[in-house]
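Engineer: One-letter residues, chain by chain:
There are 2 protein chains.
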Amino acid sequence: MFDPVEKLKEFIRFPSVSADSKFKDGMRGAQEFVSGLLGSLGFQVEVVKTDLHPIILARRGGDPSWPHVIIYGHYDVQPADPLNLWQSPAFEPTVRGNRIYGRGAADNKGPLMAHLAAVGQLLEANPGLPLRITFLIEGEEEMGSPSFLPFLERYQQELRQADFVFLSDTGIPNEQQMVITAGLRGLVTFEIEATGANSDLHSGLHGGVLLNPIQALVDLCASLHTPDGRVNVAGYYDDVLDVEPWEREELKKLGANENDYRKFLGIDAFHTPPGISPFEALRFFPTLEFNGIGGGYQGEGGKTVIPARAFVKISCRLVANQDPQKIKALLYRTIQDRAPKGVKLRIVDGHTAMPYVVVPPDRTNTPKAQPPALARAFRATDAAVKEIWGRAPLYLREGGSVPIIGEIKRVLGLDSVMLGLFLPQDNLHAPNESFNLDVMKKGIETSKRILTAVAGR
Amino acid sequence: MFDPVEKLKEFIRFPSVSADSKFKDGMRGAQEFVSGLLGSLGFQVEVVKTDLHPIILARRGGDPSWPHVIIYGHYDVQPADPLNLWQSPAFEPTVRGNRIYGRGAADNKGPLMAHLAAVGQLLEANPGLPLRITFLIEGEEEMGSPSFLPFLERYQQELRQADFVFLSDTGIPNEQQMVITAGLRGLVTFEIEATGANSDLHSGLHGGVLLNPIQALVDLCASLHTPDGRVNVAGYYDDVLDVEPWEREELKKLGANENDYRKFLGIDAFHTPPGISPFEALRFFPTLEFNGIGGGYQGEGGKTVIPARAFVKISCRLVANQDPQKIKALLYRTIQDRAPKGVKLRIVDGHTAMPYVVVPPDRTNTPKAQPPALARAFRATDAAVKEIWGRAPLYLREGGSVPIIGEIKRVLGLDSVMLGLFLPQDNLHAPNESFNLDVMKKGIETSKRILTAVAGR
Numbered sequence: 001m002f003d004p005v006e007k008l009k010e011f012i013r014f015p016s017v018s019a020d021s022k023f024k025d026g027m028r029g030a031q032e033f034v035s036g037l038l039g040s041l042g043f044q045v046e047v048v049k050t051d052l053h054p055i056i057l058a059r060r061g062g063d064p065s066w067p068h069v070i071i072y073g074h075y076d077v078q079p080a081d082p083l084n085l086w087q088s089p090a091f092e093p094t095v096r097g098n099r100i101y102g103r104g105a106a107d108n109k110g111p112l113m114a115h116l117a118a119v120g121q122l123l124e125a126n127p128g129l130p131l132r133i134t135f136l137i138e139g140e141e142e143m144g145s146p147s148f149l150p151f152l153e154r155y156q157q158e159l160r161q162a163d164f165v166f167l168s169d170t171g172i173p174n175e176q177q178m179v180i181t182a183g184l185r186g187l188v189t190f191e192i193e194a195t196g197a198n199s200d201l202h203s204g205l206h207g208g209v210l211l212n213p214i215q216a217l218v219d220l221c222a223s224l225h226t227p228d229g230r231v232n233v234a235g236y237y238d239d240v241l242d243v244e245p246w247e248r249e250e251l252k253k254l255g256a257n258e259n260d261y262r263k264f265l266g267i268d269a270f271h272t273p274p275g276i277s278p279f280e281a282l283r284f285f286p287t288l289e290f291n292g293i294g295g296g297y298q299g300e301g302g303k304t305v306i307p308a309r310a311f312v313k314i315s316c317r318l319v320a321n322q323d324p325q326k327i328k329a330l331l332y333r334t335i336q337d338r339a340p341k342g343v344k345l346r347i348v349d350g351h352t353a354m355p356y357v358v359v360p361p362d363r364t365n366t367p368k369a370q371p372p373a374l375a376r377a378f379r380a381t382d383a384a385v386k387e388i389w390g391r392a393p394l395y396l397r398e399g400g401s402v403p404i405i406g407e408i409k410r411v412l413g414l415d416s417v418m419l420g421l422f423l424p425q426d427n428l429h430a431p432n433e434s435f436n437l438d439v440m441k442k443g444i445e446t447s448k449r450i451l452t453a454v455a456g457r
Numbered sequence: 001m002f003d004p005v006e007k008l009k010e011f012i013r014f015p016s017v018s019a020d021s022k023f024k025d026g027m028r029g030a031q032e033f034v035s036g037l038l039g040s041l042g043f044q045v046e047v048v049k050t051d052l053h054p055i056i057l058a059r060r061g062g063d064p065s066w067p068h069v070i071i072y073g074h075y076d077v078q079p080a081d082p083l084n085l086w087q088s089p090a091f092e093p094t095v096r097g098n099r100i101y102g103r104g105a106a107d108n109k110g111p112l113m114a115h116l117a118a119v120g121q122l123l124e125a126n127p128g129l130p131l132r133i134t135f136l137i138e139g140e141e142e143m144g145s146p147s148f149l150p151f152l153e154r155y156q157q158e159l160r161q162a163d164f165v166f167l168s169d170t171g172i173p174n175e176q177q178m179v180i181t182a183g184l185r186g187l188v189t190f191e192i193e194a195t196g197a198n199s200d201l202h203s204g205l206h207g208g209v210l211l212n213p214i215q216a217l218v219d220l221c222a223s224l225h226t227p228d229g230r231v232n233v234a235g236y237y238d239d240v241l242d243v244e245p246w247e248r249e250e251l252k253k254l255g256a257n258e259n260d261y262r263k264f265l266g267i268d269a270f271h272t273p274p275g276i277s278p279f280e281a282l283r284f285f286p287t288l289e290f291n292g293i294g295g296g297y298q299g300e301g302g303k304t305v306i307p308a309r310a311f312v313k314i315s316c317r318l319v320a321n322q323d324p325q326k327i328k329a330l331l332y333r334t335i336q337d338r339a340p341k342g343v344k345l346r347i348v349d350g351h352t353a354m355p356y357v358v359v360p361p362d363r364t365n366t367p368k369a370q371p372p373a374l375a376r377a378f379r380a381t382d383a384a385v386k387e388i389w390g391r392a393p394l395y396l397r398e399g400g401s402v403p404i405i406g407e408i409k410r411v412l413g414l415d416s417v418m419l420g421l422f423l424p425q426d427n428l429h430a431p432n433e434s435f436n437l438d439v440m441k442k443g444i445e446t447s448k449r450i451l452t453a454v455a456g457r
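Chains as they are written, first to last, in this note's numbering: chain A, 1 to 457; chain B, 1 to 457.
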């Protein structure tokens, strides 16, 4: 069997930056590398063309009675700049201490390599392992996975036959505490543009007669939150799933310190609705954030102008069970209802992502039916993590969004077991990205035990 | 004598944007151009150094018994951006129909050129004209004239010997109706910066726990007006001068049509406090306008970021007898009182200008003593305007600010005769600024008659 660390080095050497067409050779190299590796493990590899970067679909079939797991990963990486801040070249893997440095080491080449190695070792030891495995390795994750939904829809009939999805593209707080991501927030993004007079106006010659578009916009934006920090849109919270007691328990066990977090952010005070802690707020509650605002003169000094136009960019993080389409309709209607006289409002659609939640079988008092293989996976994860890492994993919802997880649930009806493997100090999306080789080794072992348990052995 | 239109073209070609240090060559060029022209008319030209852009002080002395007029103008212009909205380049003067297009054509290069031409023609026809003339041409008007007050204080002894100030840096409603500006609004400008976390944050990983600086800023900005359009700062209106009956009469004579004005602005509805017409609002009442706002991601598409920082640029137009320092203190205290927890607010001082009012000798029932030369100038203006433009001028307060007028009154004790020369369609401070060449021609003639009358001829 191959050496996972040596193979990871090979993988990192391909500069597979999906967002920059300069790196198309690196993208092709990484894709061929993964395809070749999967072929050598006995998988039937199909390279599915998309408008941009192909998706690797690699199958290990078997008896239809065997459990069927889809393992997800991505072979593309973030751009590596600013290059001058790297201690060793971004695409020259370098081991220092127990860490391997290089762009993509943690996101997602190292964690993906852990699963490839786990599967390789399992199949070498037991070529007849009664488990169907499908690898889905995409090349556009760092660009927002534009080709992934069309791909899912095209392969829906086949892929929905699987029992669940297994992946490692989320994080853990430290080496002692493993986390299984039990939920992700969804997303609605849009832009509001306010237009007033037909050109910028002199604030002396015309000031005082018309509603300034910036004023219209700040009035509207200010109306979107209550003073106590909730989103001020009727019905916004209607479908928000109640936080279950076991979730609050898990969060307590995490033991994160509010004061440390506040200092990390560099703020004087948190701003959460009454009775909601910051750690709850970012996992269990929706938001409406202003990502950008602009209008009028923004240069040096001043310019006494009444601008003709101003805009704001908004993103809403949603939680289970909010429906992005329904929330979008609520928001747009509210904004139109609050549109002041004297300016024209235009809403520019952005994109949406489904929120996601999955409930592990033994944590909740209100269990729902799950495929037996998924329940086995969760239980095996618990046991393996306890044994290998010394402490039971926590099942926590996370504030971020991984849009493909919600799409997989919506299109294929499948839940995901998200085994977190990267650490805060791994520097994802930043210079000197690295991956902890001890975590990798333990990750391989954990993955092997989970897959073995799912196979029913 | 020089051709005023050709000279104006030369003048416009200097990109004399005072607020942007990129244009320092354009500033120097414009200054040398005006100095040279005044020298060629026989003036003794002194270029007075300041911290930034020099002031041109050009003297034509004479017998101490002669009346003495100061003619004011400025050689700097507003920034020309957004450049893509200009039909012809901003600094390439272009005549289309009876208009000359270019940044500064109307504000203030065209009107200033009218007075330079008038003086040139008068002195050519009568080299012994018994009139002392001092030109004061500054280069920082569009930045709020920061060097002008120290200059006035330095030259106070000499300049206060003059009888009055004559200038054209104000507007007329149309080509038929000349207006002598009987008052100007003052100004307070400043910027508010809101800072939150110590760097931009991921809106998924951290969204919902802290007050977004954009949100803090829009909340604060929204609090600065009442829904009915007044400035929502306690004491803001306390010192506002009552409108005199003759002023309302003049305004009625103006006969401006609200609907036409609304269409000109391209808006659906005006936004003025209850019971106040738009024409009254912009002459007799103070404002608080947002000139620019910025923060976070403003590029194409979206970026799910919580920005670390946002800012807004504000200007307040004040009316007689509001005191800019007092109003500034009220505003800053109100803003600090309303500062939310969790973000840092910083107020960046801009500049201030005194509001101004002057009462023409034959309009008011409560006349005040005026220097004879000033009264002659007002009466000569009446006569010249009637003859050249076919209708008596109106004496109206204006919504704009010419900060130096209030300072001249305060430091030198001099009133100003402000002969309006630019039209609403001249697009001051906006793309496609232009100046009407017929107005320029009549302006030269009017200026000549006024100066002749003041000389006692």
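Since the hints were made in silico from the structure, they are not lab data.
Misleading hints may appear alongside valid ones.
Which copy is meant is left open, because identical chains are indistinguishable; a pair holds if it fits in one copy or across any two.
Stated by the list, open to error - Distance condition first, Cα-Cα at most 27 Å in a straight line; then the derived BS3-like pairs of lysine-lysine:
#, residue 1, residue 2
1, LYS7, LYS24
2, LYS328, LYS386
3, LYS442, LYS22
4, LYS328, LYS303
5, LYS326, LYS409
From a predicted model like this one, the values you see are computed outputs, not experimental measurements.
Engineer: Is it within, between, both, or neither for LYS442 and LYS22, if the alpha carbons may be no more than 27 Å apart?
Structural biologist: Neither way: LYS442 and LYS22 sit 36 Å apart in one copy and 59 Å across, limit 27 Å.
Engineer: Are the CA atoms of LYS326 and LYS409 at most 27 Å apart within a copy, between copies, both, or neither?
Structural biologist: Close inside one copy (18 Å), not across copies (62 Å); limit 27 Å.
Engineer: For LYS7 and LYS24, with the copy left unspecified, which applies at a CA distance of at most 27 Å: within, between, both, or neither?
Structural biologist: Result: close within a single copy only, 21 Å intra versus 58 Å inter.
Engineer: Treating 27 Å as the Cα threshold, decide for LYS328 and LYS386: within, between, both or neither.
Structural biologist: For LYS328 and LYS386, neither the intra-copy (42 Å) nor the inter-copy (62 Å) Cα distance is at most 27 Å.
Engineer: Up to 27 Å between alpha-carbons, please classify LYS328 paired with LYS303: within, between, both or neither.
Structural biologist: For LYS328 and LYS303, the Cα distance is within 27 Å only across copies (18 Å; inside one copy 36 Å).
Hints 2 and 3 from the list above are not met by this structure, while the remaining hints are.
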